[in-house]
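Novice: Given next are the chains, with one letter for each unit.
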Amino acid sequence: MDVTIHFKEINHKLFGFVEGEIDTFTASGLREELEAVKITEGLEIELDLSKVNYMDSTGLGIFVAFYKRALRENGKVKLVGLSNRLQRLFEITGLSDLMDIETDKKVELR
Amino acid sequence: MKQLESQYTKILSDYMVNQTEKNLYIAQNFTRQLIQKSISPEDVVSIHKNAVEQIFPDQMSEAQPAYDFLIEVMVHYGMAHREHQSLLQKQAEYEMEMNIATNIQKTLLKTYVPQLQSIDIGKISVPIRKMNGDYVHFFHDGEDYLSVAVTDVVGKGVPAALCMSMVKYGLETLAYAYKDPSYVLEVINRVIEKGVDDSMFVSMFYGCLNVKQNIFSYASAGHEPALHYRAKVDQFFPVEAKGLLLGVLPETSYSFHEIVLEENDMIIMMTDGVTEFRAQNDLNSREVITALIKANRHLTAQQLCQLLYKEIEKVQNFKLSDDFTVVILKK
Chain A
1 MDVTIHFKEI
11 NHKLFGFVEG
21 EIDTFTASGL
31 REELEAVKIT
41 EGLEIELDLS
51 KVNYMDSTGL
61 GIFVAFYKRA
71 LRENGKVKLV
81 GLSNRLQRLF
91 EITGLSDLMD
101 IETDKKVELR
Chain B
111 MKQLESQYTK
121 ILSDYMVNQT
131 EKNLYIAQNF
141 TRQLIQKSIS
151 PEDVVSIHKN
161 AVEQIFPDQM
171 SEAQPAYDFL
181 IEVMVHYGMA
191 HREHQSLLQK
201 QAEYEMEMNI
211 ATNIQKTLLK
221 TYVPQLQSID
231 IGKISVPIRK
241 MNGDYVHFFH
251 DGEDYLSVAV
261 TDVVGKGVPA
271 ALCMSMVKYG
281 LETLAYAYKD
291 PSYVLEVINR
301 VIEKGVDDSM
311 FVSMFYGCLN
321 VKQNIFSYAS
331 AGHEPALHYR
341 AKVDQFFPVE
351 AKGLLLGVLP
361 ETSYSFHEIV
371 LEENDMIIMM
381 TDGVTEFRAQ
391 NDLNSREVIT
401 ALIKANRHLT
411 AQQLCQLLYK
421 EIEKVQNFKL
431 SDDFTVVILK
441 K
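Keeping their order, the protein sequence lines are chains A and B. The first sequence begins at 1 in our numbering and counts up by one. The second sequence begins at 111 in our numbering and counts up by one.
Just to be clear, a hint being listed does not mean it is correct.
Sample of chain A residues facing chain B (criterion: CB under 8 Å; computed from the structure) [what the hints assert, rightly or not]:
#, residue
1, 14
2, 65
3, 94
4, 95
None of these hints come from the bench; they were simulated from the model. C-beta: ideal position from N, C-alpha, C; glycine also.
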């Protein structure tokens, strides 16, 4: 199982669609893709995780790192489409109070 | 080379006349010489070709291109072979270093489980790979107080192990404040936040039991909730506390809570390697865990830990996907 991410820019807002399983083995690819995202001041980024069917703590680390970079570079990151399981992961770790996350909302692709 | 060629020609022509074991044995011994002089595979073929040319000059015109072809093939084969050998050697070196590092980690992160008369303590921690990303730390002061920290570093293997040493020494220096869960988490958080990159963090459950008064105070930094088994009502209650993972933000505060332990009560602390059943999505891991404990509550804390490991490993078809750590305190 692998993980992929596709970006799409609509009205100066960056949408990322993540799909697959994020674990220790697949994480590095996703990390590189997110590190390559250029964050300009005020850029809003929305990452859709509704197609992520598994994520472990390594995956969590990638999103935390991305969130922290966005914070430093004055961008905004929002995670949407979290399954109940992912939502729970963000709650237990206390990250749901820190990051902007949204459960189960279907984001239109086009 | 010339000398080797004439030796080989002699051995080959002897063998052509008389195909005996003895002649074959001479050829075998000759290969040692070839190795000693580091003759490459393609040169061996070339020696053979020249020998055949001398012994059967009239047959050579037909076979010549085939030999030249074989020499070309052997050139590439020899290169691939040498590369393979050097990779194998490198791998062996890495493995040796890894074993040394594993041993160092085992020594560094050894947990001493204290023995108390009024509290039965059980602990199991099994790494999924060579190095453990989970760590358990105990403090105790005679029969008065017992503190326990259960920690899990994001990721597995070497990076996790390196980060864990930092956590351990942080805890070690906090011995003076071990009765204060919030304070311990706040200090460790600052230590980790300074020391690691953005994607690295640690979760920790920290609890302190006042053995005389049977009060268990605890705080959690993004860690898997613990369980409180209340013997009187024969039920489990989650031991939860809100708190951010360690190492994410520099200034984070952690609130602590208290529960009272009664006779035969248990506190079960664990890492997510215990509660996460990756392949068995439909199974509720907490139900599996509580049912196992309930059915075996007469066992000692250590026996219970071992039973949990054995049974959960079975449920997951012996394919655990994370480091596995359980600590049980039994009144």
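Novice: Evaluate each hint against the coordinates.
Specialist: So, going through the hints one by one against the coordinates:
no. : hint : verdict
1   : 14   : violated (19 Å)
2   : 65   : holds (4 Å)
3   : 94   : holds (4 Å)
4   : 95   : holds (7 Å)
In the structure shown, a violation is registered for the earlier hint numbered 1 alone.
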